[in-house]
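*Asks:* Okay, here's what each chain looks like letter by letter:
Number of protein chains: 2
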Amino acid sequence: MFTSRQIHLASRPTGLPTHDNFKTVEQELPELQHGQVLVKNAWLSVDPYMRPRMIDRKSYIAPLQLNEVIEGGAIGEVIASNNTQFPVGTQVSNLAGWCTTFISDGTDLTPLPASDLPAHLFLGMLGMTGLTAWAGLNKVIQLNADDTVFVSAASGAVGSIACQIAKLKGCKVVASVGSDEKAQWVKSLGVDAVINYKTVDNLTEALKQAAPEGIDVYFENVGGEHLEAALNVMNDYGRISVCGMIANYNAETPQPGPSNLFFINSKKLTVQGFIVIDYFEHYPEFLAQMTEWMQAGKITSEVTIYEGLDQTVDAFLGLFSGKNKGKMLVKL
Amino acid sequence: MFTSRQIHLASRPTGLPTHDNFKTVEQELPELQHGQVLVKNAWLSVDPYMRPRMIDRKSYIAPLQLNEVIEGGAIGEVIASNNTQFPVGTQVSNLAGWCTTFISDGTDLTPLPASDLPAHLFLGMLGMTGLTAWAGLNKVIQLNADDTVFVSAASGAVGSIACQIAKLKGCKVVASVGSDEKAQWVKSLGVDAVINYKTVDNLTEALKQAAPEGIDVYFENVGGEHLEAALNVMNDYGRISVCGMIANYNAETPQPGPSNLFFINSKKLTVQGFIVIDYFEHYPEFLAQMTEWMQAGKITSEVTIYEGLDQTVDAFLGLFSGKNKGKMLVKL
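From first to last, the protein sequence lines are chains A and B.
Using the numbering used here, read the first sequence as starting at 1423 and increasing by one per residue.
Using the numbering used here, read the second sequence as starting at 1423 and increasing by one per residue.
Hints may contain errors.
When chains are identical, the list treats them as one kind, so a pair holds in a single copy or across two.
As the list claims (entries may be wrong) - Below, computed lysine-lysine pairings styled on BS3-like, alpha-carbon distance capped at 27 Å: (1) LYS1753 / LYS1462; (2) LYS1630 / LYS1480; (3) LYS1594 / LYS1480; (4) LYS1620 / LYS1753; (5) LYS1589 / LYS1609; (6) LYS1561 / LYS1720; (7) LYS1630 / LYS1591; (8) LYS1480 / LYS1747; (9) LYS1445 / LYS1480; (10) LYS1609 / LYS1720; (11) LYS1561 / LYS1594; (12) LYS1720 / LYS1620; (13) LYS1747 / LYS1609.
Hints listed in this document are in silico derivations from the structure and should not be mistaken for laboratory results.
From just these sequences and the hints, can you work out the full model?
*Replies:* In structure tokens form, the structure reads like this:
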């Protein structure tokens, strides 16, 4: 008999979640049935999109259920198997979420590609995170070498990869981050200009200074003032790829949007929202491209690691206070 | 010698314009030079987009200049000519704006197509107004027969044509207007459900009731609460064609945008702004289609006519208090 330690949603948060919204549960796992495998997770992903899933409303995926495990991406290893497709030792990515072990019939498991790369990369740069950045720039909109690109939350998991992909495409890239230390790091990725939005008086003016030629593409991770500033400096026919709007995820009351949305009309902008699951079909193309860039040393992955299931909630909350550089992970 | 009576921008309005922002000027016109023609306008167009042009800021067209004639669409007749391309009697559409007569070298004149149709239709349903509605539904986004379409400002010049085009395409159409009388008229155009937004408690609930299946396409003329309600009821992968945002044109201070822009992300929406001048290449296709519909009695044009140049400012201001059904015109 195995025990699974799991983190459940204990109550729906209002505003910024607290530890009280979560509870750790130990669950005895039953015997494996025919076709089932037992997976022991090694890495858990914590992501901003999990916060809106804690609200009880219809969205692109069902809301997280109370008193059930927080679903999310993870990487684990098959440690017992009644399924010939997944022999013991198979490394699998899965969506089982915040738990140490779980039983699966295999339908929700994806074996990792054979490689010498660290497994956790398949939660980050080579996984959904990387695919989000890549698809958001190459499939949702079509990035061109002559585009000036603005990436917000540029030190985050997706943002830091988006910056690098845009640079590899030949674009000028302007980025915004929330600390001088992060600014230095993002600059070291080759980004042309980095703005610490917390220390500038006026984000619009800072963007104008960084990109006097205007912005052609905005990779939107933040919303609110970032979107307003971007709209102010967008060029005609600019494209906005809307990956997320983290500024609003913890708002206790709805926050008003920018007052300059008329620029969508007068500047003939395209604003396109997307969710990465719609781009899974491109995963092979993405993986080939990213692996090539990695092996050539052209793209780097930064990870921030918390250790142990008991750190998972802290890791998650850390996303909203900017504790991560690059991908935030929990190592079990 | 001819005298041109013209309406000039006397000062830049703050909020809703008043008569003080305009002045009537009489100007003696010089003798015609070689290649020039004298045009006497018969019809002037007044349009919501003229209001943002009164602000001194960079946009898709230069701001209107102080102490110069208010530019805009007009239809006139050549009454004296030193240009063999435009003999006396030629009816021309032009952008000379709010003036009785003007001199042109012909480069800014477009002869009306030969037809028995009333000339003013080429300012309305068969002109820029109609092309705006048609392109906004067929070129900016691609309307499909199975779309449920929401049109705001549906009793306006563009909105009333957009409703009819969407119905001809086979769509279910929901419309919003600002009075019960307009609602009745728009209903008579074949629209499935019409909401008087001034009398409903909650526009979102009214839309849900009118389209329990959700909205696939929003033809955006208004902004503000209309956009917020539309975002609330949009289906996944919905498309928003942003033609204008009249709710904000007269705001003295910037009005905050909707607080639910995150739906662009989570519902994977496309929001596409456009300006009709980018779709002029499609004019022949548009004209053929619209003329066919007109001749088959499938589409109708409503016009609201003010008489005389001195009524032009009232006609223009009337756009913002909903004085027009269909296209607002001034007959000289």
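*Asks:* For which of the previously enumerated hints does the structure constitute a violation, in increasing order of number?
*Replies:* The structure conflicts with hints 4, 8 and 12, although it agrees with all the remaining ones.
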